[in-house]
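Enquirer: In the order they appear, the protein sequences are chains S and E.
My numbering puts the first residue of the first sequence at 1, with every later residue one more than the last.
My numbering puts the first residue of the second sequence at 1, with every later residue one more than the last.
Don't take each hint at face value.
Okay, derived cross-link-like pairs now, EDC-like style, lysine to aspartate or glutamate, Cα gap no bigger than 20 Å in a straight line [to be verified]:
1) E:Lys35 / S:Asp123
2) E:Lys48 / S:Asp112
3) S:Lys48 / E:Asp123
4) S:Lys48 / E:Asp112
5) S:Lys35 / E:Glu95
6) S:Lys48 / E:Glu107
The hints are simulated quantities; they were obtained by calculation from the structure and are not laboratory data.
Now for the letters of each chain:
Protein chains: 2
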Amino acid sequence: MPRGWGRRQMMGDCPQPRRISRFLEPALLLLLHDKPAHAYALVDNLDKLGMEAYPADISAIYRILYDLEAQGMITSAHDAESSAGPPRRVYTLTEAGEVYLNAWVQELRQTDQMLHRFLQVYDAHVNSA
Amino acid sequence: MPRGWGRRQMMGDCPQPRRISRFLEPALLLLLHDKPAHAYALVDNLDKLGMEAYPADISAIYRILYDLEAQGMITSAHDAESSAGPPRRVYTLTEAGEVYLNAWVQELRQTDQMLHRFLQVYDAHVNSA
DNA sequence: TTCACTAATTGATATTTACAAATAGATGAT
DNA sequence: ATCATCTATTTGTAAATATCAATTAGTGAA
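Input sequences plus hints: build the corresponding full structure.
Expert: Next comes the structure, spelled out in structure tokens:
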């Protein structure tokens, strides 16, 4: 056993697979590609993307939205119809955002292939055993 | 534009999709599921998993291996046949490691479905436009 | 006003990545 | 033997992300 200092996965004690990450940003972009929405609607719609199993952190969502807006990928404005709280902010995808989403899609197609390969290899190992 | 502080993606200036992450650990486990190997062999074999596009950071690999060993998922020993450098360490998957890999596979099957759903929705949007 | 509720924001810390550099063993040349 | 050089491993550090907890704000009702 080498002496290098471990630095990962100290969370909890029994190691568990951690969900693949960095998927929230493209998911939000995709939802906004459909139509403008405010944060809480986005949370709800993530489920429809098949992310029920991965309840998203609301603060993470707001931070991603903030950054996307700072980068010109989305714009925001106060909702016309008001709700039972502070005015909701409605986010809209920009042209730049569409381009960015498209780049994400290409990236994710590669990821998808990678995953397929992985699962294929695993199944092959198991079946031959 | 809200005033919350952005905290992401300050790397470079023009935002780029960043590859989905946390995939290295299961990939290494899968390779070791095939047969014991040392770090550099693992680097080479990652390509065969369809990860050519994602050259892995060698230090990341060593750290993951360190942690996996600390958690009993793999064991290591010095290679019998020595090479043109310090003795290579050969890693072997343990039973616990197999179980862990299996948990990863289940996790990744879900991820795969999520990705499919995502791409499906995107394609539907685009095709209907 | 105070409470409950929804929406948005902030804080703090843990985890993970990404890049750079240092250490260490082996071999061969000078 | 010392040095340069190659391979293999290890360490350092800062940036980026994730996670959890708490706080601030607006609205309407009791």
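Enquirer: If a hint holds in the structure, say so; if it does not, say that too.
Expert: Evaluation of the provided hints:
Of the supplied pair hints, the one linking E:Lys35 and S:Asp123 holds, its CA atoms being roughly 15 Å apart against a limit of 20 Å. At most 20 Å may separate the alpha-carbon atoms for a hinted pair to count; E:Lys48 and S:Asp112 meet this at roughly 15 Å. Between S:Lys48 and E:Asp123 the CA atoms are separated by roughly 15 Å; this keeps the pair inside 20 Å, and the hint holds. Distance check on the hinted pair: S:Lys48 and E:Asp112 sit about 15 Å apart at the alpha-carbon level, within 20 Å; holds.
Using a Cα cut-off of 20 Å, the hinted pair S:Lys35 and E:Glu95 is violated, with the two alpha carbons roughly 49 Å apart. Simply put, S:Lys48 and E:Glu107 have alpha-carbon atoms about 19 Å apart, close enough for the 20 Å limit, and the pair holds.
The structure is inconsistent with hint 5 alone, although it conforms to all the rest.
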